[in-house]
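Undergrad: If you want the building blocks of each chain, they are given just below.
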Amino acid sequence: MDEKNREILRVLESDSRIGHKDLATMLNLSTHDIATRIAGMEKSGTIRKYTAVIDWKKAGDDGVTAVVEVKVSPESEFGYDRIADRVARFPEVKSLRLVTGSYDLQLIVCGRTMQEVSEFVSGQIASLESIRETVTHIVMKTYKEYGCELQRSEGVERLPYSF
Amino acid sequence: MAVSYREVKGSNVSPIVSERGRNHPQKSFVSERAEMIPPSGIRKFFDLLLTMNDVISLGVGEPDFNTPWNVSVAGIDSIERGATAYTSNKGLEELRDLVSSYLISRYGTSYDPQNEIIITGGVSEGLDLAVRTVVDPGDEVLVADPCYVSYSPCVMLAGGIPVPLPCPAEDEFRVTPDALMERITKKTKLVMLNFPNNPTGGVMKRGDLEAIADIIVDHDLLLLSDEIYSELTYEGRHVSPASLDSLWERTITLNGFSKAYSMTGWRVGYFCAPPEITSAALKIHQYVMLCAPTMSQFAAIEALKHAEDSKDRMVAEFRMRRNLFVAGLNRIGLPCHLPKGAFYAFPSIESTGLSDEEFAERLLIEKQVAVAPGSAFGPSGIGHIRCAYAVSREDLGEAVKRIGEFIESI
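Protein sequence lines correspond, in order, to chains A and B.
With our numbering applied, the first sequence corresponds to residues 4 to 166, in that order.
With our numbering applied, the second sequence corresponds to residues 1198 to 1607, in that order.
Please keep in mind that the hints were generated in silico from the structure rather than gathered at the bench.
Do not take every clue at face value.
Stated by the list, open to error - In silico EDC-like pairs for lysine to aspartate or glutamate, Cα to Cα no more than 16 Å straight-line:
no.	chain 1	residue 1	chain 2	residue 2
1	B	Lys1598	A	Asp25
2	B	Lys1383	B	Asp1415
3	A	Lys24	B	Glu1591
4	B	Lys1384	B	Asp1417
5	B	Lys1384	B	Asp1415
6	A	Lys97	A	Glu148
If you're wondering where the values come from, they're calculated on a predicted model, not measured in any experiment.
Taking the hints into account, I'd like the entire structure generated from these sequences.
TA: Structure below.
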């Protein structure tokens, strides 16, 4: 990956709505070049999705998010991959990672109520054959998401004029 | 240039023993030197702005990024440990060592941390310190024009005579040999440069410096180089005058942490010069400043050790904003050089028929965009405005739109 593509990705990661024309001016490339590069990175799966970071609490949503730690017995042929693939298919699972440490898979699970989350974890996840143990942590407050500090109000006051 | 008390204050404040009693001063206690410093050219804009809402300020002279958090933590740690006493006058040894290594590796300028570096309360103190160390009453000092607003007042406070050294747009805001030659007299002692430049964003490349080096040597002049924007250089690497062999012995180099690491409020910078000048400056620094703020020095150590990535990200962001903003200005009809350094664009507004002061005032009142009039930075700034692109891309886009609408409406 060349440096220009990296720069494009860094800008898109901070603002995915930016137009090709502005990107071209900022990075000193032609608009055509930008479009080609972005299309290429979309096609290769480097750019997966354009999305928004939302503070759902602000939107009045009182849904429940949980971090779920899962211990798994890896399968001899597939390791963790096949079970991870099954867990990932549930839309309730917002993210899924294999991690080092005292457990194996870490899930972020969302539901409307605590009961819904707990029923999902016990009914759909814990019951899977190779899953040995789950520990569910209900999220009390989100401070930072995708690089955004959700609890911090914007910016520090600067003098409007300084030399 | 002394101005008498009565002329300045008016008759309503003159001796009025009867009204305010005998304890009221019968004369002004303000020194002639303080009186002759002109008031800030921006005061009225400041007052105006405070009455308005929804202002986008391109009038700022500092980055809009926070100090990198690890750097702030180093400052907090020093307070928590109780490391809040004076440091040596020269500054913490570890910091001077780091500054020395940084300067040699980054710019090829060699300064001995033991006797050629003083940690200062920002470049602002460094400027005053340098000028007072070398300027005698009556000495003429060539001051890059336009330049940061404190240069001439510092020279005047030291009893020197500031002489503008024009760096106009047609010279790409650089000092040319001709401009320099034209202004050197028998009384000229010092040349004050600031590249990358505030307010123009101009830079001096190696060739540009070589072209004036011989003149400086031939006339036995001293160079004061304020390089606070050195890290904000967008094409190639900054060239420090002291890296030229012919200039090292006659150069004072000033730099600091404010712009590169978003540390404006920490007040920490450094003064570098040959030992004879440095030891003389240290005498002034120890009596006036004693030492730079201790917690800021610890933060600065962290900045030099572990803030390269933060700095690089900020510079990359400034470069992108510059490209976007300058393209926008040219599109709406304000001719603007692509600035090669700092975070200022300095477009000409002459085509509008307004003076730079009128332009800045009306733009603020009619479109709520704050910019600094170029004339505040010296005679060569007349007909320009300084726009800091140290605001978010969204605000820059909105500012270009509003400036465009303003120009249409004139």
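Undergrad: Now look at each hint and say whether the structure bears it out.
TA: Verification of the hints:
For a cut-off of 16 Å, the pair hint linking lysine 1598 (chain B) to aspartate 25 (chain A) stands: about 14 Å separates their Cα positions. Pair hint lysine 1383 (chain B) plus aspartate 1415 (chain B) holds up; C-alpha atoms about 12 Å apart against a cutoff of 16 Å. The suggested pairing of lysine 24 (chain A) with glutamate 1591 (chain B) holds, with an alpha-carbon distance near 14 Å, which does not exceed 16 Å. Simply put, lysine 1384 (chain B) and aspartate 1417 (chain B) have alpha-carbon atoms about 11 Å apart, close enough for the 16 Å limit, and the pair holds.
Taking the CA atoms of lysine 1384 (chain B) and aspartate 1415 (chain B), the gap is near 14 Å; set against the 16 Å cutoff, the hint holds. A C-alpha spacing of about 13 Å is found between lysine 97 (chain A) and glutamate 148 (chain A), which places the hinted pair at or below 16 Å, so the restraint holds.
When held up to the earlier numbered hints, the structure conflicts with none and fits them all.
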